[in-house]
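Number of protein chains: 2
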Amino acid sequence: MRIEDEIKQPIFRDEHQKGHINLVYTAGWLQLRQATAFKPYGLTLPQFNILRILRGQHPLPATVALLIDRMLDKTSNASRIVDRLEEKQLVTRTVCPANRRAVDIRITATGLDLLSRIEQDGVIDVSGLRRLSTAEVQQLNALLDKIRTEE
Amino acid sequence: MRIEDEIKQPIFRDEHQKGHINLVYTAGWLQLRQATAFKPYGLTLPQFNILRILRGQHPLPATVALLIDRMLDKTSNASRIVDRLEEKQLVTRTVCPANRRAVDIRITATGLDLLSRIEQDGVIDVSGLRRLSTAEVQQLNALLDKIRTEE
DNA sequence: CAACATTAAATGTATGTACATAAATTTGCA
DNA sequence: TGCAAATTTATGTACATACATTTAATGTTG
Chain A
1 MRIEDEIKQP IFRDEHQKGH INLVYTAGWL QLRQATAFKP YGLTLPQFNI
51 LRILRGQHPL PATVALLIDR MLDKTSNASR IVDRLEEKQL VTRTVCPANR
101 RAVDIRITAT GLDLLSRIEQ DGVIDVSGLR RLSTAEVQQL NALLDKIRTE
151 E
Chain B
1001 MRIEDEIKQP IFRDEHQKGH INLVYTAGWL QLRQATAFKP YGLTLPQFNI
1051 LRILRGQHPL PATVALLIDR MLDKTSNASR IVDRLEEKQL VTRTVCPANR
1101 RAVDIRITAT GLDLLSRIEQ DGVIDVSGLR RLSTAEVQQL NALLDKIRTE
1151 E
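Residue numbers (our numbering), protein chains in the order written: chain A, 1 to 151; chain B, 1001 to 1151.
Just so you know, not all the hints are guaranteed correct.
[What the hints assert, rightly or not] Heads up, simulated BS3-like pairs for lysine-lysine below, C-alpha to C-alpha not over 27 Å straight-line:
1) LYS146/A with LYS74/A
2) LYS1146/B with LYS8/A
3) LYS39/A with LYS1039/B
4) LYS39/A with LYS1088/B
5) LYS1146/B with LYS88/A
6) LYS1088/B with LYS88/A
7) LYS146/A with LYS1088/B
8) LYS1008/B with LYS8/A
9) LYS146/A with LYS1039/B
10) LYS8/A with LYS1074/B
11) LYS88/A with LYS1039/B
12) LYS74/A with LYS88/A
13) LYS1088/B with LYS1039/B
Read the hints as simulated data drawn from the structure, not as lab findings.
Kindly generate the complete structure, drawing on both the sequences and the hints.
Have a look at this one:
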């Protein structure tokens, strides 16, 4: 469906405004689809993303700072997302012995199991961008990188 | 900056996964820029968007249902965003006489003034997509619409 | 070494998102 | 008419986002 119809706005100021709105709307569309897919497993999207970063580190621990560094949303509060994962016993938190200010965060066996179950069920591998060919995705990546070019 | 460097992930599973992450990341980047621009005026991005819809209706009222219909994020809670705008006296709420279930929401003179001040300051007209040519934005719009194609 | 700055994480507060449910009103139809 | 269904908004709860502040540990420097 064209963006004009999705939000019932027939006319945009210009193609750039329409592109901006389309971009934000499409990203939201993708994220809602993903969030819905993870819901049966009791995970939100940020929780899932942090679990995956932790699996990437496993068996080494990650600190909160490392999680923020790798997260898409730098301003989100990794500390509290880890709270939720800890309550569900999907991760552990221990004071880092080498630097007692830092906290070592590790994925548990339960957490690893949950991730593999999600993957076995094929939840992740269905790409939200499957309508696009590889060439089209490359085009998209180039355009997006260009948008974020600083002066 | 390339998305690989933004989130310090050197390798993606495939171009599609990279595109997905790039899309979500870039939309967040755009929204954070916008939110920062509106902050000096005491408005959040959703609040600003609702104010603009109300101005589009002015002097006719809008209902909550109409706001939801035109919002990018259909699941957000328009009622509570209107709460904030009402507290700031930028909008009024009155029971709709023709249908007492509905609520007539109107932008106030203060609200209209605020919007024109924001526009005079040139906050909105600086497009987040100014790095792209018109042809590139058209390409982008076509790709985004294709992503959201249903089976 | 003591004082001060820096770093790492947690906490506080306001707002927004996602979804379920409630309350009031209107509509439709037996 | 009367009553169930549908409509419209508001409210409740859990979680996330955005940003400021606090707490504790570590570094730095006179």
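Can the restraint linking LYS1146/B and LYS88/A be considered satisfied, given a maximum Cα separation of 27 Å? Cα-Cα ~38 Å, so violated.
Measure nothing beyond the straight line between the CA atoms of LYS74/A and LYS88/A; if it is 27 Å or shorter, mark the hint as holding. holds, 23 Å
Straight-line alpha-carbon gap LYS146/A to LYS1088/B, limit 27 Å: The hint is violated at about 38 Å.
Pairwise hint evaluation, LYS1074/B against LYS8/A, where the allowed Cα distance is 27 Å at most: holds, 12 Å
Hinted pair LYS1088/B and LYS1039/B, Cα distance within 27 Å: holds, 14 Å
Satisfaction of hint between LYS88/A and LYS1088/B, Cα-Cα up to 27 Å: With a Cα-Cα distance of about 40 Å, the restraint between LYS1088/B and LYS88/A is violated, given a limit of 27 Å.
Are LYS88/A and LYS1039/B close enough, with their CA atoms no more than 27 Å apart? Not OK: LYS88/A and LYS1039/B at ~36 Å, beyond 27 Å, violated.
Within 27 Å, alpha carbon to alpha carbon, are LYS146/A and LYS74/A? holds, 20 Å
Would the hint linking LYS1146/B and LYS8/A be met if the CA-CA limit is 27 Å? holds, 18 Å
So if I understand the rule, the pair passes when the alpha-carbon distance is 27 Å or less; does LYS39/A with LYS1039/B pass? Violated, at roughly 33 Å.
Holds or violated: LYS146/A with LYS1039/B, Cα cutoff 27 Å? holds, 26 Å
Mind checking the alpha carbons of LYS1008/B and LYS8/A for me, to see if they're no more than 27 Å apart? violated, 38 Å
Hints 3, 4, 5, 6, 7, 8 and 11 from the earlier list are contradicted by this structure; the remaining hints agree with it.
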